[in-house]
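Participant: Read top to bottom, the protein sequences are chains A and B. Note that this note's numbering numbers the first sequence so that position 79 is 79, with each residue one more than the last. Here this note's numbering = 1-based position in the second sequence + 1000.
No lab work stands behind these hints, which were simulated from the structure alone. No false leads were slipped in.
Calculated pairs, DSBU-like style, for lysine-lysine (alpha carbon to alpha carbon, straight line, at most 30 Å):
id, chain 1, residue 1, chain 2, residue 2
1, A, LYS3, A, LYS70
2, A, LYS3, A, LYS38
3, B, LYS1071, A, LYS38
4, A, LYS38, B, LYS1009
5, B, LYS1083, A, LYS3
6, B, LYS1083, B, LYS1014
7, B, LYS1083, B, LYS1009
8, B, LYS1009, B, LYS1070
9, A, LYS38, A, LYS70
10, B, LYS1009, B, LYS1057
11, B, LYS1057, B, LYS1070
12, B, LYS1071, B, LYS1009
13, A, LYS16, A, LYS38
14, A, LYS3, B, LYS1057
15, A, LYS38, B, LYS1057
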Amino acid sequence: AQKVTQAQTEISVVEKEDVTLDCVYETRDTTYYLFWYKQPPSGELVFLIRRNSFDEQNEISGRYSWNFQKSTSSFNFTITASQVVDSAVYFCALSEARAGGSYIPTFGRGTSLIVHP
Amino acid sequence: DGGITQSPKYLFRKEGQNVTLSCEQNLNHDAMYWYRQDPGQGLRLIYYSQIVNDFQKGDIAEGYSVSREKKESFPLTVTSAQKNPTAFYLCATRTSGSPSDTGELFFGEGSRLTVL
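Excised from the complex, chain A in its bound form (with noise of 0.2 Å):
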């Protein structure tokens, strides 16, 4: 069973509207971690955010925010007024043990938005 369901495949906006990329995952465990990462053109992925189970507080750096829900597994992203910068491919990532006992994420299909001028 996929571990990280990025339902959205892609995303088309105009600049200045809003837009929300869903993530739900699934996992036994009661620690884990979810991660957002941004992959722009040019290929790499840049780290956006990292939230562990046991803190459900939502967050807001700049236009971006995110929204934490252990009651639907959910782990939204909502960016608010896009700007034709923020166009790149989104994953959602879960970290949970593995065996061993090491924590490695395990990616979602990724959304592409693509923000129009």
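Fit chain B to the supplied structure of chain A, relying on the hints for placement.
Facilitator: Only chain B this time, still in chain A's reference frame:
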């Protein structure tokens, strides 16, 4: 500049040939990782190394091999046994090789391999 360097950026190979992708880092990070990215598939873990001279198979290790003789370097060889090697390959590092490290990964810019 501190960072992760992957080379080559683009590589073409004929079927049946082995090819080695380079990943070098000067971040002094202990752990290094190789992921494969296919369109619509996300990133899948091939191999990882938490310390020099040690590495572990990831979720899709078949047809790949690695070595970790130096802290700075973690080359990936795509062998002829890999049935569908055309993909985008990403190398990543993490500060600590401790299994309990839950920190973020740092990524290189990737290598795109095309098998003709």
